[in-house]
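**Q** For this one, chain A is given, so just place chain B on it according to the hints.
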Amino acid sequence: MAELEAVIGLEIHVQLATRTKMFCGCELSFGDEPNVHTCPICLAHPGVLPVTNEQAVRFALQIAAALDCEVAPRSIFHRKNYFYPDSPKAYQISQYDIPIAGAGRLGDIRIHRAHLEEDAAKTIHVGDSGRIHGSSASLVDFNRGGTPLVEIVTEPDLRSAAEAASWARLLRETVRQLGVSDVNMEEGSLRVDGNISVRPVGSEELGTKTELKNMNSFRFLERGIEAELARQRELIEAGGTVAQETLHFNPSDGSLTPLRSKEEAHDYRYFPEPDLVPLVPSEEMLREARESLPELPAARIERYREQLGLSDDAAALLAGDPETADYFEQTLKGAGEVEPRVVANWVIGELAAALRADGDEASAAESKVEPAALAALVILVQEKKISHGSGKTVLAAMVTEGGDPVSIVDREGLAQISDSGELEAIVAAAVDSNPEAAEQIRSGNQKAIGAIVGAVMKETKGRADGGEVNRLIRQKLGF
Amino acid sequence: MVDMLDLTALEAHRAMCAGDLSAAEYGRAWAEAAAGDELNVYLWREEDGGSEAIAVERPCVAPIAVKDIFCTEGVPTTAGSRILEGYRPPYTSTAVQRLIEAGAPILGKTNMDEFAMGSSNENSAYGPVLNPWDRSRVPGGSSGGSAAAVAGGLAPWAIGTDTGGSIRQPAALCGIVGLKPTYGAISRYGMIAFASSLDQCGPLTRDVGDAALLLAILQGADPCDSTSVGLAEAPRLPDREDLQGLRFGVPADLARDAIVPGVREVFEATLAKIEQLGGEIAEISLPHAEHGISAYYVIAPAEASSNLARYDGVRYGVRAQTDGDLTEMYETTRAQGFGAEVKRRIMLGTYALSSGYYDAYYGQAQKVRTRIAEDFSTAFAAVDFVVTPTSPSVAFGLGEKTADPLAMYLNDFFTVPMSLAGIPAISIPAGLAEPAGGGPQLPVGFQIAAPAFGEQKLLDAAYALEQAIGFEPRPSGAPFPAIDQIKRTGSEEVTGG
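If you're matching them up, the sequences are chains A and B in order.
Heads up: the first sequence runs through residues 215 to 693, numbered per the working numbering.
Heads up: the second sequence runs through residues 1047 to 1543, numbered per the working numbering.
Read the hints as simulated data drawn from the structure, not as lab findings.
Note that the Cβ used here is the ideal one computed from N, Cα and C, for glycine as well.
Treat the hints with care, since some could be wrong.
Claimed, not checked - If you want the footprint, here are the derived chain B segments under chain A, 3+ residues with CB under 8 Å:
id, region
1, 1114 to 1128
2, 1132 to 1141
3, 1269 to 1279
Okay, chain A solo, but in the shape it has when bound (with noise of 0.2 Å):
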């Protein structure tokens, strides 16, 4: 049998950092007591008509900017509907067939749609299950219900659960360095759910797909999309087939079961929803979410290759996290005529070891190093004020004290050995006292002189430039 290739799209809801729901004022809220944020518009109450939040407009049409979507000139709102005690309205107003933005494409992965919609109230259900069949009762928390949220549909671009969920880190951080949500997944400001299919390599068609709900984390959308594919290739491979369902993923025991197909089979009876004119940004909309785009990870990433000659892993470590990217960004700004590359090195290379080696969990930007600090290192190395080695003494020192290098150079008397009589004197006595390695050098054994050189930073405690040195005996033996 053909190897079979995994095929995945994901869909995410993004509940957006408004101050108000989607339809009415009430205010946004997390954690607070139950129904607090209602008004008789968000609790279905006859006569109610919803009204469009405009701030929740620009927000989507900055995500739809930030994905490189087409914006819709004149989108609409349809009514979807279905029962179920966390639809007020028995509907949810959402976008059908004409969403506000459509096609557009984040780093490889192809975007299909964004749109616009509202959240749906909270049910608990008291019980063991914890799910409606089974409970004794079921409570409603109206807080959440109406909140904005922007559902982001892929294309079936994806070829791994890594990829996945790699590709999701990188549309949270592009969205949150937005500022329209604060994409945090346990708390459901963020909420991926993938349809998964396998088919064999080479085939264009699309197999079967499941919709995997539930995951709350990265970790449990690896580990959820990584089940459902071994489950289908098991399947397949057994001569089955896929049935078309939604599947929740227990993040505990990693198993997966079927919704019930009550709760998942509806005919949402579409229309277009009557209460609400359609949507149409100005002019003046557009161009501020343009305008209003920070640079994202993307962008970056690209910038950082092409106009900064940074490698790829470079660019990808440094650009991945907004605030070390910015920390990389100031720190080469206070390095002067450092190469760019040499900065980079210092940021992921040394840095982050030096962090790693004091045990400290926290980032380059969240270190008592502080960006002008590092650069003002950068260049005392460059410079050949201090060695590369006595560079990375000071560095452990400010990691544990923060604060200025030129003073702790000073204090613990690392400058480097600028007078070169002196040094010549050293090096002198270095390859006296060493004659057998002075011999194999003369007699062409480049490698011994390693010995000549260590015996001199030994003598220096490190304060001389390794390529002076190496001048210096070379110029001592006649070559």
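**A** Chain B in isolation, oriented as in the chain A frame:
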């Protein structure tokens, strides 16, 4: 000495503002008149609250009867349905708020067909309203309570809602003026939804002047209703006396055969009056209007099926006591709470929106709706107004059409096209006609429709025609107990003006 209850709301308004009429006495007189309700008009009266709220000195706008579809904070609001029995809204609709701010005390909430679904008021969970001209007959619907209140001397004026004719048809059957404004002229916020894309609030009044005054109070864009736009200019009181230079279009495809003879005579006579006033009668074509009823009875039930889904017993209103699960609670609540016509329309609408049927029903109906709107646009390029009888017949007997929903639906034949097109239309009483099978003469309504937002032109023309017709807005022969009673018992107080 004029009986203060004989004053139109506009006359009373002027007298109160001039200090010639005591607002307190006027309000009290109307509260007493309303208390004499023998027509089952009121589902709730302010007096029931035990207050003198109606008789306060401040307002100089006549007290008003409000269809029980407008949410009013703390006041029972049922939309004529059992499912909202005992429900007291926590907020007030924009229309009622505007009335209160204008200084109009609320006399009471009027009976109606359940959720505004009906043309006879027989679909109310709280019993039918009786027509003041003949108590064995219906007042029309769904704003039957509001129409009967004004015609029966139980309120100086009233507001109602019109989805497919629910203001104009009862106004016609009760011999008063009913105006359905342009969709979007008045806020729908707080008006319990039947079919959101058609519902519109409007005045039911004794004459055209009162309708203009009430429209001026009610109209305006409302931030709580995204579909409201208001009128470009506040309506002026109409004073036009001729129809010189105005063209009135009569649809050639008008189903004249469906119109009962008496109504047809009054309609023809009214056309003659228009010509006497200098107006011109022209034949126009509304080729798609005949499909209006079919489209309407897809679109309105479809929207209703969604709008009425919130009545589930979870948060407010009636909840059936069951031992079963959530689904059983929903089903029993709705089975017990809704009446037969509401259930019929929920089923029709649910079907029309179902996957696989949407295009054939809802999609198709929307296309018809667009065609009808285009028909009117074409017509208005040639004429200023389109005129029809408001209803094909005069008021029919209680129970006469309840067994045949289709016959009942045909009452809306002349009013539905304007609703689908979203344009304003007014019904004014144009004369009397003998009902089929004999009996006392009953009012006949004449409908005038104008282009969207053409309310001022519409009111001006209707006013001129109203003056020429000189309709006597009193049910003759039929007892008029409320007013008689007031005249007898309150004669000293009534002389305030």
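**Q** Against each hint, give a clear statement of whether it holds in the structure.
**A** Now the hints, each set against the structure:
Counting residues of the region 1114 to 1128 of chain B whose CB lies closer than 8 Å to any CB of chain A gives 5, so the stated coverage by that chain holds, three being the minimum. Restraint check on the region 1132 to 1141 of chain B versus chain A: 5 residues with Cβ-Cβ distances below 8 Å, three needed, restraint holds. As drawn, the region 1269 to 1279 of chain B meets chain A at 5 residues by the rule of a beta-carbon pair under 8 Å; at three or more, the given contact holds.
Checked against the numbered hints above, the structure breaks none of them.
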